[in-house]
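Engineer: Chain residues, written in single-letter form:
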Amino acid sequence: MRGQALKGHLDLLVLAVLADGAKHGYAVIDELRQRSDDAFDLPEGTVYPALHRLQKGGFLTSEWSEVQGRRRRTYRLTDKGRGALGEQRLAWDEFANAVARVLKGVPWPDTP
Amino acid sequence: MARYALIDGYLDSMRSNIRWRRDLDDLVAEMEDHLYSTTEHLLARGADVVDAQRATLARFGDPTVLAAAYASNQRGGIAVPTKFTKRAGLLALISAVSWIAAAVLMIAINDSEDWQIRYYMFSIVVLVAGVLTVITMVGVGRRVGGLGALGLIGVVVACIGVLFSIVAWAIPLWMGLQGFGLLLIGGAVLRAGTVVPRTAVVLSSVAFLSGPVVFIILDALEVGWQDSYGDYPLAWIISTGVAVALMAVGLVGVGMWLRAEEPVDVDATAIAA
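In order, the protein sequences belong to chains A and B. All the letters of the first sequence, read from the start, carry residue numbers 3 to 114 under my numbering. All the letters of the second sequence, read from the start, carry residue numbers 6 to 278 under my numbering.
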């Protein structure tokens, strides 16, 4: 999937990936890729501004540790983030179901 | 820990592209951890060290696009220091001095036989200071990636206040309008979600609304002597002095911040790419 199409949903996806525990940025991206069967191929660096934005909004907290001589930042969902994930997931389900209902019964166009 | 020349070169480039960020070291440390982790992962899978670095950087993304992403504020505007914002910093310092000069002239009017000349000088200085202050706050708006609708309304109201300052004696009118406009601009700046000197922005935002409040209190208390018009000049002087002092301190803070940052060139179209 192209990065542009992902852009509007990145916050929801990041919150979802962090729902089952704290992760650092590399692990967030790796999980996104694995769960989507490599469908999400956005530039990996763009996830970090999203993580920082979510932290600034109070949806995530982060802490630093040292791993193999490198500084590593790990992100964790806050209660506000968990609530936002629930709300955004509900909104996404409603949207996806509505689109599915519109498309249902529409025949696939003939392929040239 | 092994070092990787291509990765390090990329990190140097990013460091330069986002050097205005106050959390620069944290951002670069986080990128370094990611890039090194990816490279080591690829090396463990048998990749050549140069190929692993190239693949890592290709996956991470174009540094120009990423710099634009790091530069964007919560509304998506590009929030970087530019030549304009740096000049606005200089205007902030000049306007701070202008407001102090205006206050001194106002006090001098009350104690002078050639009060008319001093009043005209006061009018001109107030007008210049008002114009410079509005330009400064537009510069602050540019620095935080745009003011949004609320901030733009603030700019319009502040400009109307500056126009009314031609009638310099009507201090509550022009100071109130400018104060309300600056309050809206300050609110928009603080809402932009970008690192700003909050105290300085708050001071310059509330300064001109504090003047009328202080005046109302002092006038009600009948502070000082009463002149032939039935007014209390000391109430005028103190309230205007408080407003101007707060404004000058705020503008100096804003000006020093804007002047301290070196302009950068981030491609504004990259964020939309």
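Rather than coming from a laboratory, the hints here were simulated on the basis of the structure. Please note: incorrect hints may appear among the correct ones.
What the hints assert, rightly or not - Straight-line distance between alpha carbons at most 35 Å, and here's what the computed DSBU-like set of lysine-lysine pairs gives:
#1 A:Lys25 / A:Lys82
#2 A:Lys58 / B:Lys91
#3 A:Lys58 / A:Lys106
#4 A:Lys82 / A:Lys58
#5 B:Lys88 / A:Lys82
Engineer: Each hint: holds or not?
Structural biologist: Going down the list of hints, with the structure as the test:
1. A:Lys25 / A:Lys82: holds (17 Å)
2. A:Lys58 / B:Lys91: holds (26 Å)
3. A:Lys58 / A:Lys106: violated (40 Å)
4. A:Lys82 / A:Lys58: At roughly 12 Å apart (the allowed maximum being 35 Å), Lys58 of chain A and Lys82 of chain A satisfy the hint.
5. B:Lys88 / A:Lys82: violated (39 Å)
In summary, the numbered hints that this structure violates are 3, 5.
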